[in-house]
Amino acid sequence: MGEMLERATGTSGNSIQDGLTRAGWVATVQAFVAFSVERWDWLTAQELALLIIPITFVAVASWGVYDAMRVRLSS
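Going from the sequence shown to this note's numbering is simple: count from 1 and add 358.
Derived by calculation from the structure, the hints in this document are not laboratory data. Idealized CB from N, CA, C, for every residue including glycine. Do not rely on the hints blindly, as some may be mistaken.
Unchecked claim - Here are the in silico distance ranges between beta carbons for each label pair:
| # | residue 1 | residue 2 | range |
| --- | --- | --- | --- |
| 1 | D399 | E361 | 41 to 49 Å |
| 2 | N372 | W398 | 19 to 27 Å |
| 3 | A407 | L431 | 32 to 40 Å |
| 4 | L408 | N372 | 33 to 41 Å |
| 5 | G360 | G382 | 19 to 27 Å |
| 6 | W400 | V423 | 32 to 40 Å |
| 7 | R365 | R397 | 13 to 21 Å |
| 8 | W400 | I374 | 32 to 40 Å |
| 9 | I410 | G360 | 17 to 25 Å |
| 10 | W398 | R430 | 33 to 41 Å |
| 11 | F415 | T369 | 15 to 23 Å |
| 12 | E361 | A407 | 17 to 25 Å |
| 13 | V395 | E361 | 34 to 42 Å |
Please construct the entire structure, taking both the sequences and the accompanying hints into account.
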(Lines of atoms letter the chains of each structure in order from A and count residues from 1; the text may use other names and numbers.)
(Lines give C-alpha, C1' and ligand atoms only; values in the text may rest on other atoms or scores of the structure.)
Protein backbone atom coordinates (compact mmCIF):
# COMPACT_ATOMS: atom_id res chain seq x y z
CA MET A 1 0.00 0.00 0.00
CA GLY A 2 2.83 2.43 0.85
CA GLU A 3 4.52 2.04 -2.52
CA MET A 4 1.25 2.55 -4.37
CA LEU A 5 0.54 5.72 -2.35
CA GLU A 6 4.03 7.04 -3.10
CA ARG A 7 3.53 6.46 -6.82
CA ALA A 8 0.05 8.04 -6.79
CA THR A 9 1.21 11.15 -4.92
CA GLY A 10 4.52 11.59 -6.72
CA THR A 11 6.76 10.94 -3.73
CA SER A 12 8.66 7.86 -4.92
CA GLY A 13 12.01 9.65 -5.17
CA ASN A 14 12.25 9.26 -8.96
CA SER A 15 12.14 12.89 -10.04
CA ILE A 16 10.97 12.24 -13.60
CA GLN A 17 8.19 9.86 -12.58
CA ASP A 18 7.14 12.11 -9.69
CA GLY A 19 7.03 15.18 -11.94
CA LEU A 20 4.90 13.39 -14.51
CA THR A 21 2.58 12.06 -11.81
CA ARG A 22 2.06 15.50 -10.34
CA ALA A 23 1.60 17.07 -13.77
CA GLY A 24 -1.05 14.46 -14.45
CA TRP A 25 -2.91 15.38 -11.26
CA VAL A 26 -2.76 19.09 -12.14
CA ALA A 27 -4.07 18.35 -15.64
CA THR A 28 -6.87 16.26 -14.13
CA VAL A 29 -7.95 19.11 -11.87
CA GLN A 30 -7.81 21.57 -14.76
CA ALA A 31 -9.90 19.27 -16.95
CA PHE A 32 -12.46 18.77 -14.18
CA VAL A 33 -12.77 22.52 -13.60
CA ALA A 34 -13.01 23.21 -17.34
CA PHE A 35 -15.66 20.54 -17.83
CA SER A 36 -17.72 21.79 -14.88
CA VAL A 37 -17.50 25.43 -15.91
CA GLU A 38 -18.40 24.73 -19.52
CA ARG A 39 -21.11 22.21 -18.67
CA TRP A 40 -22.99 24.54 -16.34
CA ASP A 41 -22.20 27.78 -18.25
CA TRP A 42 -20.63 29.42 -15.21
CA LEU A 43 -17.98 31.26 -17.25
CA THR A 44 -17.13 31.94 -20.86
CA ALA A 45 -14.21 30.18 -22.52
CA GLN A 46 -12.15 33.38 -22.29
CA GLU A 47 -12.79 33.74 -18.57
CA LEU A 48 -11.91 30.08 -18.08
CA ALA A 49 -8.64 30.58 -19.96
CA LEU A 50 -7.71 33.30 -17.46
CA LEU A 51 -8.16 30.80 -14.61
CA ILE A 52 -5.63 28.28 -15.93
CA ILE A 53 -2.64 30.06 -14.39
CA PRO A 54 -4.22 30.45 -10.91
CA ILE A 55 -5.40 26.83 -10.97
CA THR A 56 -1.88 25.68 -11.81
CA PHE A 57 -0.39 27.94 -9.12
CA VAL A 58 -2.75 26.59 -6.45
CA ALA A 59 -2.08 23.00 -7.51
CA VAL A 60 1.71 23.43 -7.37
CA ALA A 61 1.47 25.25 -4.03
CA SER A 62 -0.69 22.41 -2.70
CA TRP A 63 2.02 19.91 -3.63
CA GLY A 64 4.53 22.06 -1.74
CA VAL A 65 2.33 22.08 1.36
CA TYR A 66 1.83 18.32 1.01
CA ASP A 67 5.61 17.77 0.82
CA ALA A 68 6.22 19.98 3.86
CA MET A 69 3.54 18.24 5.92
CA ARG A 70 4.65 14.77 4.81
CA VAL A 71 8.18 15.40 6.09
CA ARG A 72 6.90 16.73 9.42
CA LEU A 73 4.42 13.92 9.96
CA SER A 74 6.91 11.17 9.12
CA SER A 75 9.54 12.38 11.60
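Here is how each hint holds up against the structure:
1. A beta carbon spacing of about 43 Å between D399 and E361 agrees with the range 41 to 49 Å that was offered as a hint.
2. About 39 Å separates the C-beta atoms of N372 and W398, a value inconsistent with the hinted range of 19 to 27 Å.
3. The beta-carbon spacing between A407 and L431, approximately 37 Å, falls within the hinted interval of 32 to 40 Å.
4. For L408 and N372, the hinted distance range of 33 to 41 Å is satisfied, since their beta carbons lie about 34 Å from each other.
5. Between G360 and G382 the beta carbons are some 20 Å apart, a value that agrees with the proposed interval 19 to 27 Å.
6. Distance hint for W400 and V423: a CB-CB separation of about 27 Å, inconsistent with the stated range 32 to 40 Å.
7. Distance hint check for R365 and R397: the Cβ-Cβ separation is about 31 Å, which falls outside the suggested range of 13 to 21 Å.
8. A beta carbon spacing of about 36 Å between W400 and I374 agrees with the range 32 to 40 Å that was offered as a hint.
9. For the pair I410 and G360, the beta carbons lie near 34 Å from each other, so the given range of 17 to 25 Å is not met.
10. Here the CB-CB span from W398 to R430 is close to 38 Å, well matched to the stated 33 to 41 Å.
11. In this structure the supplied range 15 to 23 Å holds for F415 paired with T369, their Cβ-Cβ distance being about 21 Å.
12. Distance hint for E361 and A407: a CB-CB separation of about 38 Å, inconsistent with the stated range 17 to 25 Å.
13. Range check, V395 to E361: Cβ separation about 36 Å, and the 34 to 42 Å hint holds.
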